[in-house]
Amino acid sequence: MMTTADPRVVAYLQRLEEAASGLRAERRAELVAEIRDHISSRLADLGPPAAGEDPVERTLARLGEPEEIVAAAADDAGTEVAPERGFHPSPRTGPGGMEAAALVLLLLGGFVVGIGWIAGVVLLWMSARFTVAEKLLATLVWPFGLAAPVLFGGLIAVSGGPGCPTTVPSAGQSVGQCSAAAANPLGIALLVASILAPIVVAAVLWVRASRRAAKG
Amino acid sequence: MVPEPRTALPQLRRGVLEFCVLALLGDEERYAYDIVEELGAMDGLVTSEGTIYPLLSRLRRDELVATRWRESEQGPPRRYYRLTATGTRSLATFAEDWARFRDSVDQLVNPRGTP
Numbered sequence: 001m002m003t004t005a006d007p008r009v010v011a012y013l014q015r016l017e018e019a020a021s022g023l024r025a026e027r028r029a030e031l032v033a034e035i036r037d038h039i040s041s042r043l044a045d046l047g048p049p050a051a052g053e054d055p056v057e058r059t060l061a062r063l064g065e066p067e068e069i070v071a072a073a074a075d076d077a078g079t080e081v082a083p084e085r086g087f088h089p090s091p092r093t094g095p096g097g098m099e100a101a102a103l104v105l106l107l108l109g110g111f112v113v114g115i116g117w118i119a120g121v122v123l124l125w126m127s128a129r130f131t132v133a134e135k136l137l138a139t140l141v142w143p144f145g146l147a148a149p150v151l152f153g154g155l156i157a158v159s160g161g162p163g164c165p166t167t168v169p170s171a172g173q174s175v176g177q178c179s180a181a182a183a184n185p186l187g188i189a190l191l192v193a194s195i196l197a198p199i200v201v202a203a204v205l206w207v208r209a210s211r212r213a214a215k216g
Numbered sequence: 001m002v003p004e005p006r007t008a009l010p011q012l013r014r015g016v017l018e019f020c021v022l023a024l025l026g027d028e029e030r031y032a033y034d035i036v037e038e039l040g041a042m043d044g045l046v047t048s049e050g051t052i053y054p055l056l057s058r059l060r061r062d063e064l065v066a067t068r069w070r071e072s073e074q075g076p077p078r079r080y081y082r083l084t085a086t087g088t089r090s091l092a093t094f095a096e097d098w099a100r101f102r103d104s105v106d107q108l109v110n111p112r113g114t115p
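Protein chains in written order, with the numbering used here: chain S, 1 to 216; chain U, 1 to 115.
Note that these hints are calculated values from the structure, not bench results.
For each residue, glycine too, the CB sits at the ideal point set by N, CA and C.
Be aware that a few hints might be false.
[Stated by the list, open to error] Derived Cβ-Cβ restraints for the label pairs, each shown as a range: (1) U:Met1 <-> S:Glu17: 52 to 58 angstroms; (2) S:Leu108 <-> U:Asp34: 31 to 37 angstroms; (3) S:Glu18 <-> U:Arg112: 39 to 45 angstroms.
[What the hints assert, rightly or not] If you want the ones that stay clear, here's a sample from chain S, every Cβ over 10 angstroms from chain U, calculated: (4) Val10; (5) Glu18; (6) Pro48; (7) Pro66; (8) Val70; (9) Ala73; (10) Val132; (11) Val204; (12) Arg208.
Model the full structure from these sequences, guided by the hints.
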């Protein structure tokens, strides 16, 4: 909006932003956006200024002082005030929703055409609560999480059964499946291990992130 | 020095403004600027129009009003407010409370019935 480019409007919104620094980021952004919309709507309503009139000044005067607006926002709920302002002890004592979502998606997201797992990786690397080593571990064990061993296990089951398929469509393709099924006890052990590994990794990451959070 | 005479207006505003917003919504869906504009035009009700925005978001959090985004012909989409069932009930209760309250105060402050 052209109208909100007036330096007085810019300065006003700047003051509002600063006054609102105690609010949660999301509430602050919403408030500033609402007031900005209000100013541009009002200026559009008032139209071009007549002689001796100053629509910008009038609009800002009617809005009130930025500090007053923020006080009204902070007024009603203690939760409005961001924890770092020191009114409340931090309510976040454990790893947050993002960490939980990351670990769940890493484990199960692979079933959602692989996309879920990729989202999990993105969340994992965005989080500040894991170390780089942990992030690497969680990414590599295993790509596509539980979907990998399940898919792998499914292949064994399909081609499975004792003995190899009597018809071998193309040599290279069936040899691996055949030998995996043939080495039955070992195959199953590997399968179980490959299912447990990502679960253990996710659990370890969760516990470590929780401990770090508890220490502050 | 003579102390300032007292005024109840700021306290009164604090108490009733949110119900005025609810009343303004009635059974209509309106967007924030429109609400602020109308309240601001009424005598003595609002001193700083900007403070109505936090009030609206509190009403939203308390689920007395619900909102949805609607496209607008000029500019970006706007958030429209409407009363919820709880909002409607709160407004009805307030209307009764207010009538009783106003009558009682009037009897004391203005016993002859003329302002």
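Hint-by-hint comparison with the structure:
1. The beta-carbon spacing between Met1 (chain U) and Glu17 (chain S), approximately 40 angstroms, falls outside the hinted interval of 52 to 58 angstroms.
2. Checked against the hint of 31 to 37 angstroms, the pair Leu108 (chain S) and Asp34 (chain U) fails, with Cβ atoms roughly 46 angstroms apart.
3. In this structure the hint that Glu18 (chain S) and Arg112 (chain U) lie 39 to 45 angstroms apart at CB is violated, the actual value being about 52 angstroms.
4. Residue-level check passed: Val10 (chain S) sits 16 angstroms from the nearest beta carbon of chain U, beyond 10 angstroms.
5. Here Glu18 (chain S) stays apart from chain U, with its beta-carbon at least about 15 angstroms from theirs, past the 10 angstroms limit.
6. Remark: the non-interface label on Pro48 (chain S) is consistent with the geometry, its nearest Cβ contact in chain U lying 17 angstroms away (cut-off 10 angstroms).
7. For Pro66 (chain S), the non-interface assignment is contradicted: its Cβ lies about 8 angstroms from the closest Cβ of chain U, within the 10 angstroms cut-off.
8. For Val70 (chain S), the shortest C-beta to C-beta distance to chain U comes to about 8 angstroms, within the 10 angstroms cut-off, and the non-interface label is violated.
9. Not every beta carbon of chain U lies more than 10 angstroms from that of Ala73 (chain S), the smallest distance being close to 4 angstroms; the non-interface claim is violated.
10. With a least CB separation of 39 angstroms from chain U, Val132 (chain S) remains clear of the 10 angstroms interface cut-off, as annotated.
11. At roughly 38 angstroms, the least C-beta separation between Val204 (chain S) and chain U is larger than 10 angstroms, which holds for a residue marked as non-interface.
12. At the 10 angstroms boundary, the C-beta of Arg208 (chain S) stays outside the reach of chain U, the nearest C-beta of that chain being 35 angstroms off.
In summary, the structure is inconsistent with hints 1, 2, 3, 7, 8, 9 from the numbered list given earlier, while agreeing with the others.
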